[in-house]
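**Student:** Protein sequence lines, in the order shown, are assigned to chains P and U.
With the numbering used here, letter number 32 in the first sequence gets 32, and the count goes up by one each step, no holes.
All you need for the numbering used here is the position in the second sequence, starting with 1, plus 269.
No lab work stands behind these hints, which were simulated from the structure alone.
As the structure is a computational prediction, the values presented were derived from the model and not from experiment.
Cβ atoms here follow ideal geometry from the backbone N, Cα and C, with glycine treated the same way.
Any given hint could be a false lead.
To be verified - Per the computed footprint, the stretches of chain U lying under chain P, defined by three or more beta-carbons under 8 Å from a beta-carbon of chain P, are: (1) 311-319; (2) 399-413; (3) 557-566.
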Amino acid sequence: MKKLSARRRHPLAALVVLLFALAATGGLYTALAPAGEAKAEASDSSLAIEEGKKLYAVGCSSCHGMGGQGGSDGPSLVGVGAAAVDFQVSTGRMPMQAKGPQAPKKPKAYTPEETAQLAAYIASLGPGPAIPESSAYNPADGDSAKGGELFRTNCAQCHNFTGQGGALTHGKYAPNLHDVEPRHIYQAMLTGPQAMPSFPDSTLTPEQKRDIIAWLDAVNTSESPNPGGFSLGGFGPVSEGLYAWTFGIGVLIAAAVWIAAHTAKARKS
Amino acid sequence: MSSETGSSKDVSEEHLPTAQEHGTVTVADDPFADPGLPAHEPRIQDIDEKAAKRSERTVTLLFVLSSLATVGFIVSFLLIPIDKIVYIWPFGHVSGLNFALGWTLGLALFCIGAGAVHWSRTLMSDEEVPDERHQIAASPEVKAEVLAEFRAGTEESGIGFGRRKMMRNSLLGALALVPLSGVVLLRDLGPAPGDKLRHTAWDAGKRIVNENTGLPLRPEDITVGSLTQAMPEGLDLHDHDFHAQIAKAAVMLVRLEPDDIKDEQSAEWGHEGILCFSKICTHIGCPATLYERQTHHALCPCHQSTFDLADGARVLFGPAGHPLPQLRITTNDDGELVALGDFAEPPGPSFWERG
């Protein structure tokens, strides 16, 4: 003890005390604070709604308002349904990182349980599309040929014929649908996230939505066959022609220059 | 200063430049004379027989490789099934047949080219041989002879000076008229469009059919923020003029909150906020259905013409010259959406007579 008191006027003593105090406070908080992630019982929907309401108040209400009524920073969530919440939150689009023309896909901020709780709370605000059953979007059950036709009629104008995405106005864009989960494609068609219009069941039947998912599964996943090799963005003859004229002819010109620049003479000058 | 050094004329002899010796300056006879070709430099193959043999072997190898690649092409064509998909890094899941055919044919052609280039560079004679230019004009004798023959011809035929004018003029007339047959044939390029561009398959009472399901649409089918592609009832995909009809009659339906609609006439022509617009861009006829539900803008993918569907499809941006025509709609007794008539103006791109 003598040693300790002898050093109490050491220049670093204050720093050491501060570190101890911080460690003690943090440790006590961890030990005594209530568990951060309350595990909601899936069966108890009212509990899920309660938990969802708490999560909503912390993570969403600053833009969408305390009761989901919307505001100047975000639209009303009354009646958007659980499907919209599941799409936006489990693809990481919500909560938004910063206000901008488009909320891009990013690593998600909530666990699946928390997402379900948020969805239950928003669904309780007003009737809206529910999260689809997995059988509704199984690509193996769809007809990809019909889906391709439907995709070209309803989706290709923004997302390109094979779902490669494309530009819209003022920094908005239709994202590339490469390897997007079938559940998220289904929910996006059902709810119409951000600038995208919705395609309710009255416009595009559930079977047709599944056909579209089968089409995307056939043409735009990591496993989809691409008989020609490089797809060059899937834009068709324009990008292919540009590639042939610039890269192809460029290589030919470079080869011709290379042949002419290397003399065959015995004495190199 | 001048008082100290004196006049500039009084320069002492030693400071003056030495007088030039008047002699002849040697100038080349012709300063722009053609230096001629540089002396021929031999290649290693010209000097060393071993190197020449090596070149020959290389060229032969390339040609043999080309032959093998052609055999490979034929073998892959016969053996690889057309629907075989193989994973090849970094190309991904590609068609095995395409891949094999492309590489073998490419290799066969490349080896022929590379062999020929190597042959000509290393083994063929590389002695440069000049070929002097010569006068383009013919010699005076030849000129005189040709002119004399020409004059004799005109004299004999009578086309020329004075005689047989009528015959000559009738020939000129006949020659001038012949191309008219070609011009007349242009009429057969097709019947003139008449008023077809002004009328579409839409008519009063025609039901609006969902293009996806083929079923008539009801107001409750069209929700706010949704986009529905539609066409008039009675169009059959297998009809011979289906594409000519759908190219004029294709429409899209959107539903806006009534407060969001800025154009009164547009709101009146709709039904409970449901608006039905031609989706054929008024620029050059692409389907302008890139609908943004938040801004109510519809864009055309071809040239980015932007229409504000909340304001009577007014053109906000781009080369389109007219708003998208709006179809007047209502509901029939069965509660189905129907047209109140054809478009008030021709849909699609402007044309000459439209003004």
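**Student:** Hints first: check each against the structure and report whether it holds.
**Tutor:** Hint by hint, here is what the structure shows:
| no. | hint | result |
| --- | --- | --- |
| 1 | 311-319 | holds (count 6) |
| 2 | 399-413 | violated (count 0) |
| 3 | 557-566 | holds (count 8) |
In this structure, only the earlier hint numbered 2 is contradicted, and the remaining ones agree with it.
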